[in-house]
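Please model the entire structure based on the sequences and the hints provided.
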Amino acid sequence: QQQVKQSPQSLIVQKGGISIINCAYENTAFDYFPWYQQFPGKGPALLIAIRPDVSEKKEGRFTISFNKSAKQFSLHIMDSQPGDSATYFCAAIYNFNKFYFGSGTKLNVKP
Amino acid sequence: EAQVTQNPRYLITVTGKKLTVTCSQNMNHEYMSWYRQDPGLGLRQIYYSMNVEVTDKGDVPEGYKVSRKEKRNFPLILESPSPNQTSLYFCASRLRGEETQYFGPGTRLLVL
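As they're listed, the protein sequences go chains A and B.
Just so you know, the first sequence maps onto residues 1 to 111 in this note's numbering.
Just so you know, the second sequence maps onto residues 1001 to 1112 in this note's numbering.
Some hints could be false.
To be verified - Pairs of lysine-lysine, DSS-like flavour, derived with a Cα cap of 27 Å: (1) B:Lys-1057 to A:Lys-98; (2) B:Lys-1057 to A:Lys-42; (3) A:Lys-98 to B:Lys-1069; (4) A:Lys-71 to B:Lys-1057; (5) A:Lys-110 to A:Lys-58; (6) A:Lys-5 to B:Lys-1057; (7) B:Lys-1057 to B:Lys-1018; (8) A:Lys-110 to A:Lys-5; (9) A:Lys-98 to B:Lys-1071; (10) A:Lys-42 to B:Lys-1071; (11) A:Lys-98 to B:Lys-1065; (12) B:Lys-1065 to A:Lys-42.
No wet-lab data here; the hints were simulated from the structure.
Listed below in structure tokens is the structure:
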């Protein structure tokens, strides 16, 4: 049973557009919600993360929106670039040690 | 260079033949963890370690063993591999209290 549900599975966006990836969770005990970016042949790398007492966090073109009551969070990539083409994973962390990842979204940004 | 290394990077083996995948980090991180990545399932945590001699189960620990005798090393042991353990495995580490978890390059395992 997937603890974190991620959608869509794949996403095609034109250069300059906004990419939006959504995640939902059930366990209200999760205490941290990171997003990871993975390029082919590489390990995932932390992109941006948010704690559940914050509704939004922005770092450059990347923004996490967090809706605690709905138990949902999303990643927004503004002004998407071809170099953003990668697989993105949301995750939820329990007790700062146990990680639960979503199933991943493959993003393709068309030039 | 600060990094997490894994060996081997690729491994083909047969059912039942014990194997070990090594993981080493040079960043003096307390926390280390193993994941497997399968298409459509994302990454799933196998085991993690909060420090030397302290390990705990992740989401999918069945069929795996780990040990943490030294801070820098966290080997993953498959005592009797089966075909359903064919996967891409990642080791990761982070400093206690820090957000960033650093991943190794991955080990692709095929069990025949």
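Here is what the structure says about each hint:
Only pairs whose Cα atoms come within 27 Å are accepted, and Lys-1057 (chain B) paired with Lys-98 (chain A) is accepted, the gap being roughly 9 Å. Of the supplied pair hints, the one linking Lys-1057 (chain B) and Lys-42 (chain A) holds, its CA atoms being roughly 25 Å apart against a limit of 27 Å. Distance restraint check for Lys-98 (chain A) and Lys-1069 (chain B): the Cα-Cα separation of roughly 21 Å lies within the 27 Å cut-off, and the hinted pair is therefore satisfied. This hinted pair checks out: Lys-71 (chain A) and Lys-1057 (chain B) have alpha carbons roughly 25 Å apart, not beyond 27 Å.
Restraint check for Lys-110 (chain A) and Lys-58 (chain A): satisfied, since their Cα atoms lie roughly 24 Å apart, inside the 27 Å limit. In summary, the hint linking Lys-5 (chain A) to Lys-1057 (chain B) is supported, as the alpha carbons are separated by about 22 Å, within the 27 Å threshold. A distance of roughly 20 Å separates the Cα atoms of Lys-1057 (chain B) and Lys-1018 (chain B); the hinted pair therefore holds under the 27 Å criterion. Between the alpha carbons of Lys-110 (chain A) and Lys-5 (chain A) the distance comes to roughly 26 Å, so the proposed pair stays at or under 27 Å and holds.
Between the alpha carbons of Lys-98 (chain A) and Lys-1071 (chain B) the distance comes to roughly 19 Å, so the proposed pair stays at or under 27 Å and holds. Between the alpha carbons of Lys-42 (chain A) and Lys-1071 (chain B) the distance comes to roughly 24 Å, so the proposed pair stays at or under 27 Å and holds. Distance restraint check for Lys-98 (chain A) and Lys-1065 (chain B): the Cα-Cα separation of roughly 17 Å lies within the 27 Å cut-off, and the hinted pair is therefore satisfied. A threshold of 27 Å between alpha carbons decides the hint, and for Lys-1065 (chain B) with Lys-42 (chain A) the separation of about 24 Å falls inside it, so the pair holds.
Of the hints listed earlier, there is not a single one the structure fails to meet.
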